[in-house]
Amino acid sequence: MKLIVNGSPLEVEAEDLTGALAALDYGDAVVATAVNGAFVPAAARAGRALKDGDRIEIVAPRQGG
1 MKLIVNGSPL EVEAEDLTGA LAALDYGDAV VATAVNGAFV PAAARAGRAL
51 KDGDRIEIVA PRQGG
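Going by my numbering, the sequence shown opens with residue 1, and the numbers climb by one from there.
Hints are computed from structural coordinates only; laboratory data are not their basis.
For clarity, every value in this text was computed on a predicted model and none was experimentally measured.
Mixed in with the good hints there might be a few duds.
As a list, the in silico DMTMM-like pairs of lysine to aspartate or glutamate whose alpha-carbon atoms are at most 20 Å apart [as the list claims (entries may be wrong)]:
| # | residue 1 | residue 2 |
| --- | --- | --- |
| 1 | K51 | D16 |
| 2 | K51 | E13 |
| 3 | K2 | E15 |
| 4 | K2 | E13 |
| 5 | K2 | D54 |
| 6 | K2 | E57 |
| 7 | K51 | E11 |
| 8 | K2 | D52 |
| 9 | K2 | D25 |
| 10 | K51 | E15 |
| 11 | K2 | D16 |
Start from the sequences and build out the full structure, keeping to the hints where you can.
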């Protein structure tokens with residue numbers, strides 16, 4: 001399936017957001033996610049189905065000041 005991940009078009013084999021994160025090597029990472037501009041909490045990722053053309057944003061927390 002063709003997805004836009006953090007602004008880059010990618011071919012990802014996944015049916016849901018959890019599968020996409022695993023396919024992109026984010027499986028166990030602590031990240032924030034959004035699909036098509038809507039925040040998706042970690043508990044809801046397995047239930048968030050994906051379709052061709054969806055835009056996924058993956059953001060890792062950062063420390064600093």
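Structure-based check of all given hints:
no., hint, result
1, K51 x D16, "holds, 9 Å"
2, K51 x E13, "holds, 11 Å"
3, K2 x E15, "holds, 12 Å"
4, K2 x E13, "holds, 9 Å"
5, K2 x D54, "holds, 8 Å"
6, K2 x E57, "holds, 14 Å"
7, K51 x E11, "holds, 12 Å"
8, K2 x D52, "holds, 5 Å"
9, K2 x D25, "holds, 17 Å"
10, K51 x E15, "holds, 8 Å"
11, K2 x D16, "holds, 13 Å"
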